[in-house]
Amino acid sequence: MASLLEMKEITKEFPGVKALDGVTFDLNAGEFHALVGENGAGKSTLMKVLSGVYPWGEYGGGIHIDGREMRFSSIREAEEAGVAIIFQEFSLVKELTVAQNISLGREPSRFGVIDNRAVQRQAGELLRELNLEIDPFIEVGDLGIGQQQLVEIAKALSKNAKILVLDEPTAALTETEVETLFEILRSLKEKGVGMIYISHKLDEVFEMADRITVLRDGKTVGTKAADEVTRDEVIALMVGREVGDIFPESHHEFGETVLKVNGLTAFDPDHPDKKMVDDVSFEVRKGEVLGIAGLMGAGRSELLSAIFGSWKGRVSGEVQVEGKTARIGSPADAIAEGIGFVTEDRKRFGLILEQTINDNSTLAGLKMISGKFITHRQKEINATTKAMGMLNVKARSPFTIAGTLSGGNQQKVVIGKWLLTEPAILFLDEPTRGIDVGAKQEIYAEINRLAAEGLAIVMVSSELPEVLGLSDRVMVLHEGRVGGVFDKRDATPEKVMAAATGSGN
Amino acid sequence: MSENAEKGLKLNTASLRAYTMLAALVVIWLFFHWQTSSVFLTPRNLSNLMLQTSVTGIIAVGMLLVIISGNIDLSVGSVLALAGGAAALILGSMGYGVAPAILAAIVVGVLIGCFQGFLTSYANIPAFIVTLGGLLAWRGAIKGISASETIPVSNPGFKALGQQYIDPRIGWALAVIAIIGILYAAFNARKNRAKYGIKETSMAAELASVVLPIVGVAAFMWVMNLYAGVPIPVLVFLGIAFLGYFITNHTTFGRYIYAIGGNSEAARLSGINNRRIVLMVFALLGAFTGLAAVIHTARVAAATPDAGTLLELDAIAACVIGGTSLMGGRGTVFGACLGALIMASLDNGMSLLNYADFTQQLIKGTILVAAVGLDMIGKK
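Going down the list, the sequences are from chains A and B.
For the first sequence, the numbering used here assigns the number 506 to the last residue and increments by one with no breaks.
For the second sequence, the numbering used here assigns the number 1752 to the last residue and increments by one with no breaks.
The set of hints was computed from the structure by calculation and includes no laboratory data.
Wrong hints could be hidden among the right ones.
[Unchecked claim] The list that follows gives simulated cross-link-like pairs (lysine-lysine, DSSO-like), each with its CA atoms no further than 27 Å apart:
id, chain 1, residue 1, chain 2, residue 2
1, A, Lys368, B, Lys1531
2, A, Lys202, A, Lys220
3, A, Lys395, A, Lys220
4, A, Lys190, A, Lys202
5, A, Lys202, A, Lys387
6, A, Lys387, B, Lys1567
7, B, Lys1567, A, Lys373
8, A, Lys9, A, Lys276
9, A, Lys9, A, Lys220
10, B, Lys1563, A, Lys373
11, A, Lys380, A, Lys395
12, B, Lys1563, A, Lys368
13, A, Lys95, A, Lys387
14, A, Lys261, A, Lys325
15, A, Lys9, A, Lys163
16, B, Lys1563, A, Lys387
17, A, Lys395, B, Lys1567
18, B, Lys1567, A, Lys380
19, B, Lys1563, A, Lys380
Note that the structure is a prediction, hence the values are computed from the model and not measured.
Let the hints inform the model, and build the full structure from the sequences given.
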């Protein structure tokens, strides 16, 4: 049988990481093919290759659609060949209306003048066809995350896609919205659209998929018909190793409570009535690792940033550091209280990519390391060298430009920056996202070592095995509220996921 | 793996850029010297050239800091006119002395800098808009205050600031101090490297980094003294350039400016008060502009309402020719000063050659774009 899509021996490298290593994947018309694997296994990268985000020439191997070899040089070419992708990060313009977004880039027009009525008519028809009760005139920024997701899907379908790629489409959806989505997907299947579905939620995968392909560390480890494989077999393929292998066994000694948060609420800066974090209370002791789990948009990063004084919206509630109320109005206040914050997305929030390791790693603690007004170069180099040695940063010298490092080494530089402020409390937000397994293991070991030295650690992670493997306690957030708190012994993936989706207790 | 290769490359680009610019300056100088039948490279003209560089140069150093922080200031020309007017009024109709006049000019610059910095960083109005407004408004203010008339300055002490030269013996004394400073810094760096066990750089590079500046200082002083000594405006410019160098390379404040321009979110999350730093940077440029206004007013012995017109563009061009990124985060004081010298050399040389005004503008515009274009090609 001729496949709709064949991807053969796809290889893609980033500096220091081989993200895809000879991956082979195929899809039939009218098939629902799930693509699963841990974060960093290469699923999203594979889909970016398919959709032209990485143009032909930047990857190895071949893509065939309906038996013809494709060499996409842009997303647009991939779209014209019938590939539509819905990314984890939305590609909607918040300031435009639903209708304008749906037709973005392909506006019906005559001599460059947009036919606005056609824009609205097309959007209206499409939304009706999909049974979506969304007003085409409303600005996308005014919709909830779930509805934005559905608009994103509608937009993809408006391009008459033959191949639809969905990357974690239900992460932010409510159950009703998930049902709506699945109905839409079933009807598309009948129309012969092939779908590639990336998800961590195996329930969904088994509910919908015809076949399941598992990726691990950039390689295909198996493609199975969904009715010939069990859930446990899929998990075994995904993990490929015992959880104990990668997470060091630890016996933390807990001291007194260092950080206590009471009734913390953080409001959306754009919608001052909307609570992103809603009445959250918790405490962390010396030497303890508190993991924070939850789905995308559950308010995890927002919680850390509200405590740290970097949240742009309004914040209410109380933060106590070592028993005393701390008034934290800015990151500088937080640093003075002994809090360090390894932020998510190192390229956006963590590093100055064009500057050296030295300039990056001394930035947060500069006045302490170097001098209050006048800097002392050698003291800085000394501190940087120490941090680089401690975290095993692989670089030629402290003057290597941060942007030229691999993801793992960049992440270590960010962690080093915060360790050089000598914190008593360390926040880590997605500390291992997008780095290779070796670097992950090193960072896990470092987190354990820091806890053993008496730091109080709060770690947000979307990788469930990571949260479960490292944390002494797990706090689960659901829609801004605490959905459950579990001790290491009681924290099972099922319980945590149930709490995260709000179906727990 | 690849990071090592790139690191070597990066280091090279920084010094390569400096050497390329020096080479470009030499080519320009030799060209004008040849074209002007050996008038350009005479002590008298070089002294004049340095004098012409000083006002733009002082402002370019301040502008550099603003641009590194990711901002821009289009209002400096108008601020210069207003601050110069303030100084002339203090001297003239109010009859105060030199010190109050200088102070007045600097205070005007700092207040305007603080105000515009506040609007930029605390009220979140883009710097381009704030200072474009300033470009118009402050020009309007000086025209209003002076009734569009020139305000003459007759105080000889004040005029000396723009027109006098320092005694060659004092000049040499300053040169000796500078050379001792260079040697001391090199010695200190060497000692620290040994103390902290950092690998030696190559002997040739180290020697070059000591010998070149010393030769430069000595040659500069010799040439200036061949004519009449170092002009006071040039001395002020060199002082500001040194201050700028010190701020960018040896202070936490300077490091924060680069950090904010490089990645403002990362800087903010590292505990830096971005807003305050940006406000301070604007205030500093204001202070430098006030000082430049004193020198300009003293040189022409009058405050004119259209003084400093288009000065902002010269200052920005000097920074950009000197390798400063308008996106922020990258640029050096050395580059900005060299850029200012290149711009002034073009002005000076083309005036000696009696090029028509329109030709001069065409050539300067072309060179500005070409310099940045070559820089972009070099980066690929």
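Now for the hints, and whether the structure bears them out:
A hinted pair counts as satisfied when its Cα atoms are at most 27 Å apart, and Lys368/A with Lys1531/B does not qualify at roughly 43 Å. Distance hint between Lys202/A and Lys220/A is fulfilled; the C-alpha atoms sit about 20 Å from each other, no more than 27 Å. Distance restraint check for Lys395/A and Lys220/A: the Cα-Cα separation of roughly 25 Å lies within the 27 Å cut-off, and the hinted pair is therefore satisfied. Between Lys190/A and Lys202/A the alpha-carbon distance is near 20 Å, which keeps this suggested pair within the 27 Å criterion.
Distance restraint check for Lys202/A and Lys387/A: the Cα-Cα separation of roughly 42 Å exceeds the 27 Å cut-off, and the hinted pair is therefore not satisfied. Between Lys387/A and Lys1567/B the alpha-carbon distance is near 15 Å, which keeps this suggested pair within the 27 Å criterion. Between the alpha carbons of Lys1567/B and Lys373/A the distance comes to roughly 22 Å, so the proposed pair stays at or under 27 Å and holds. At most 27 Å may separate the alpha-carbon atoms for a hinted pair to count; Lys9/A and Lys276/A exceed this at roughly 47 Å.
Annotation: proposed proximity of Lys9/A to Lys220/A holds, straight-line Cα distance about 12 Å (limit 27 Å). For the hint pairing Lys1563/B with Lys373/A, the CA-to-CA distance comes to about 23 Å; that is within 27 Å, so the pair holds. With a CA separation close to 21 Å, the supplied pair Lys380/A and Lys395/A stays within the 27 Å bound. Simply put, Lys1563/B and Lys368/A have alpha-carbon atoms about 23 Å apart, close enough for the 27 Å limit, and the pair holds.
A C-alpha spacing of about 45 Å is found between Lys95/A and Lys387/A, which places the hinted pair above 27 Å, so the restraint is violated. Distance hint between Lys261/A and Lys325/A is fulfilled; the C-alpha atoms sit about 9 Å from each other, no more than 27 Å. For the suggested pair Lys9/A and Lys163/A, the alpha carbons sit about 19 Å apart, so the restraint of at most 27 Å is met. Proximity of Lys1563/B to Lys387/A is assessed by CA-CA distance (about 20 Å); at most 27 Å being required, the pair is judged to hold.
Between Lys395/A and Lys1567/B the CA atoms are separated by roughly 24 Å; this keeps the pair inside 27 Å, and the hint holds. Proximity of Lys1567/B to Lys380/A is assessed by CA-CA distance (about 11 Å); at most 27 Å being required, the pair is judged to hold. A hinted pair counts as satisfied when its Cα atoms are at most 27 Å apart, and Lys1563/B with Lys380/A qualifies at roughly 13 Å.
Against the hints set out earlier in the document, violations occur for numbers 1, 5, 8 and 13.
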